[in-house]
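Chemist: Numbers in my numbering are just positions in the sequence shown, counted from 1, shifted up by 220.
Please note: incorrect hints may appear among the correct ones.
Calculated cross-link-like contacts (lysine-lysine; reagent style PhoX-like; alpha-carbon spacing at most 25 Å) [as the list claims (entries may be wrong)]:
id	residue 1	residue 2
1	K446	K467
2	K357	K387
3	K441	K405
4	K316	K288
5	K467	K441
To be clear, the hints were calculated from the coordinates, so they are not data collected in a lab. Bear in mind the structure is a predicted one, so any value in this text is a computation, not a measurement.
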Amino acid sequence: MRSFLRLSAMFASIMLMFAMNANAQEPIRIGVLLPFTGPLAKNGIENWEAMQIARDMINEQGGIGGRKIEYVHGDATSPTAAISEAERIITKDGIKITTGSFASPLAIAVSQAAERHGVFHWETTGAAEIITRRGFKYTFQVGAPALRYSQAAVDFALDVLAGKLGKPASDLRIALLWENRAFGKSVGDGVRDYMRSKGLKPVYDEGYDQFTTDMTPIVQKLKDVKPEALIAISFPNDAILYQRKAKELDFNVAAFIGVSAGYSSPDLRESIGDMVNGIFVSDFPPRVNPNVRSSSTIPPWKSPSASTVPCHASVPSAP
221 MRSFLRLSAM FASIMLMFAM NANAQEPIRI GVLLPFTGPL AKNGIENWEA
271 MQIARDMINE QGGIGGRKIE YVHGDATSPT AAISEAERII TKDGIKITTG
321 SFASPLAIAV SQAAERHGVF HWETTGAAEI ITRRGFKYTF QVGAPALRYS
371 QAAVDFALDV LAGKLGKPAS DLRIALLWEN RAFGKSVGDG VRDYMRSKGL
421 KPVYDEGYDQ FTTDMTPIVQ KLKDVKPEAL IAISFPNDAI LYQRKAKELD
471 FNVAAFIGVS AGYSSPDLRE SIGDMVNGIF VSDFPPRVNP NVRSSSTIPP
521 WKSPSASTVP CHASVPSAP
């Protein structure tokens, strides 16, 4: 439900401009592009449920400038499908605002289609840096960009874990494992560059296909280099696959840091049970208490709760 507060703030603070010069009875129609089917469907549907809650809450309070929110959704199962569905709802349904899309490869595709038609795209969870670094005029990234995740994971390893392991941060043997699509590669690049700025280099640095079915070669290589800390960027299925294979091959590290995505999903706990104990999760949850401070003015990654490194000792019960 991580998209919930971000969407609420987005609707309330920005889409008001679309209500200024229109009939108060005419709804604000928003295109929602998410993976409703396929391997990412569970995550897409969770995002969809959060978006519906945000819409209903706003509509119950009278909408935006007297106009109710109305969704037109498309099934973005892959980058190709995302472009096709974006084109469909823009050209056939006349949509002027799109949102979604959960995963960075989908976000890249949807924003390309939206930009081509001069349609605003508000990306809620896709974090790859390229999403907002192409000079697009109509694309906005609501969540934290990939570099923030990278810095949080490295800072936690150096500022907290090194001391707990009783050694200087400069001597900490850190391995980096990343899925080689848009999100994993972008965060992995950030980890590598940020470590370099600290005068460090990973003892292991390798990407892998998110849809791999065998983690044996990766775990064997990690065993050979003997890291003390492992930073892993994975999606749910590959995170589960890795953890099971590491247990099978009796590979353990002193500190394991999973970066968002698969490691902030409750699927991990449900799939590997008590094996989640001891896994740290680096993530940027939004503020959920509107009485504290307004998330529409303070991005989650700049809030006091995330100014240090927001990590959990085990996978949380909700993403």
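Chemist: Each hint should be assessed against the structure and marked as holding or not.
Modeler: Hint-by-hint comparison with the structure:
Under the criterion of a C-alpha separation no larger than 25 Å, the hint pairing K446 with K467 is consistent with the structure, at around 15 Å. Between K357 and K387 the alpha-carbon distance is near 47 Å, which puts this suggested pair outside the 25 Å criterion. For the hint linking K441 to K405, the alpha-carbon distance of about 19 Å falls within 25 Å, and the restraint holds. For the hint pairing K316 with K288, the CA-to-CA distance comes to about 15 Å; that is within 25 Å, so the pair holds.
About 15 Å separates the Cα atoms of K467 and K441, which keeps this hinted pair within 25 Å; it holds.
When each numbered hint is compared with the structure, a violation occurs for hint 2 only.
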